[in-house]
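Engineer: These are the residues of each chain, in order.
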Amino acid sequence: MKYFYIEPEVAGGLGKNTVMNRAVHPPVVSKLHYQIDGWLGDVLLESFPSFIVTEDAGQQLQAIGATGVRFDDVEVTTSDQFRQLYPNRRLPKFIWLRAEGQPACDDFGIAPDGRLVTSERVFETLKKLGVANALVAPFK
Amino acid sequence: MNSLENLRGIPKEVNSDLHLSRIRRAWNQFYRENATATQQQLLQKATEIDSTYGGQFLPPR
Chain A
0 MKYFYIEPEV AGGLGKNTVM NRAVHPPVVS KLHYQIDGWL GDVLLESFPS
50 FIVTEDAGQQ LQAIGATGVR FDDVEVTTSD QFRQLYPNRR LPKFIWLRAE
100 GQPACDDFGI APDGRLVTSE RVFETLKKLG VANALVAPFK
Chain B
0 MNSLENLRGI PKEVNSDLHL SRIRRAWNQF YRENATATQQ QLLQKATEID
50 STYGGQFLPP R
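For the record, the sequence lines run as chains A and B.
Read left to right, the first sequence gives residues 0 to 139 (numbering that gives the first Met the number 0).
Read left to right, the second sequence gives residues 0 to 60 (numbering that gives the first Met the number 0).
One thing to keep in mind: the hints can contain errors.
[Claimed, not checked] Examples of chain A residues toward chain B, derived with CB under 7 Å: (1) H24; (2) V28; (3) G37; (4) F47.
[Unchecked claim] Simulated DEER-style distance windows between Cβ atoms: (5) B:A25 <-> A:V27: 22 to 32 Å; (6) A:K127 <-> B:L57: 22 to 32 Å; (7) B:A45 <-> A:S78: 17 to 27 Å; (8) A:R69 <-> B:G53: 19 to 29 Å; (9) A:H24 <-> B:T46: 16 to 26 Å; (10) A:E123 <-> B:Q39: 41 to 51 Å.
If you're looking for bench data, these hints aren't it; they were derived computationally from the structure.
Cβ coordinates follow ideal geometry from the N, Cα and C atoms, glycine included.
Could you put together the complete structure from these sequences and hints?
Structural biologist: And the structure:
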């Protein structure tokens, strides 16, 4: 099985309602608030150290039985910049993707350098749904 | 970093979506790679991003 580093589109940043422990690196997030500044359309988004996916993508990942991941609620808001640039753009519902597996063992994991690692089958699933703006490299 | 001289715009004719996305990605990589960034490191990164993308800002640098 092949594995890949995926550096997703960064559509915004952590919002003020995020709760996390910054005493460790990567910080441990217990409540996630993702504020979107601009969205190119990918189904998987990052704002270090967290990832979110569209609800539809989350359902498809669950349908293939992806391992090393669990899903949780996320508060998603849009910034003033987003509302000015895209006054009519509607966003899909997003959910929090918590990668907790071992890289190159589970379908989802976090590499020592903090990058997301996924199996080929997960990458293929995401690719069909749209991750055109992600940076992808083989995991070695 | 938030001084008035750093207040810049991105012309509408450039692909601001893609442009802003690249800047967000650059900062995201920085936060991932720097557990405890100093003010000096933050300013250095801002300068680096400016030199990479600043040619498309208004006023350009």
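Engineer: How does the Cβ-Cβ distance of A:K127 and B:L57 compare with 22 to 32 Å: does it lie in that range?
Structural biologist: violated (39 Å)
Engineer: Can you let me know if the beta-carbon spacing of A:R69 and B:G53 is within 19 to 29 Å?
Structural biologist: violated (41 Å)
Engineer: Does the Cβ pair A:H24, B:T46 satisfy 16 to 26 Å?
Structural biologist: holds (24 Å)
Engineer: Between B:A45 and A:S78, does the beta-carbon spacing fit 17 to 27 Å?
Structural biologist: holds (19 Å)
Engineer: Given a cut of 7 Å on the nearest C-beta pair, is the interface hint for A:F47 held or broken against chain B?
Structural biologist: holds (5 Å)
Engineer: Does the closest beta carbon of chain B sit nearer than 7 Å to the beta carbon of A:V28?
Structural biologist: violated (13 Å)
Engineer: Should the hint that A:E123 and B:Q39 are 41 to 51 Å apart at their CB atoms be regarded as holding?
Structural biologist: holds (43 Å)
Engineer: If you take the shortest Cβ to Cβ gap from A:H24 to chain B, is it below 7 Å?
Structural biologist: It holds, given that the least Cβ distance between A:H24 and chain B is near 4 Å, below 7 Å.
Engineer: Is 22 to 32 Å right for how far apart the beta carbons of B:A25 and A:V27 are?
Structural biologist: With a Cβ separation near 24 Å, B:A25 and A:V27 satisfy 22 to 32 Å, so the hint holds.
Engineer: For the hint on A:G37, does the least C-beta distance to chain B fall short of 7 Å?
Structural biologist: holds (5 Å)
Hints 2, 6, 8 from the earlier list are contradicted by this structure; the remaining hints agree with it.
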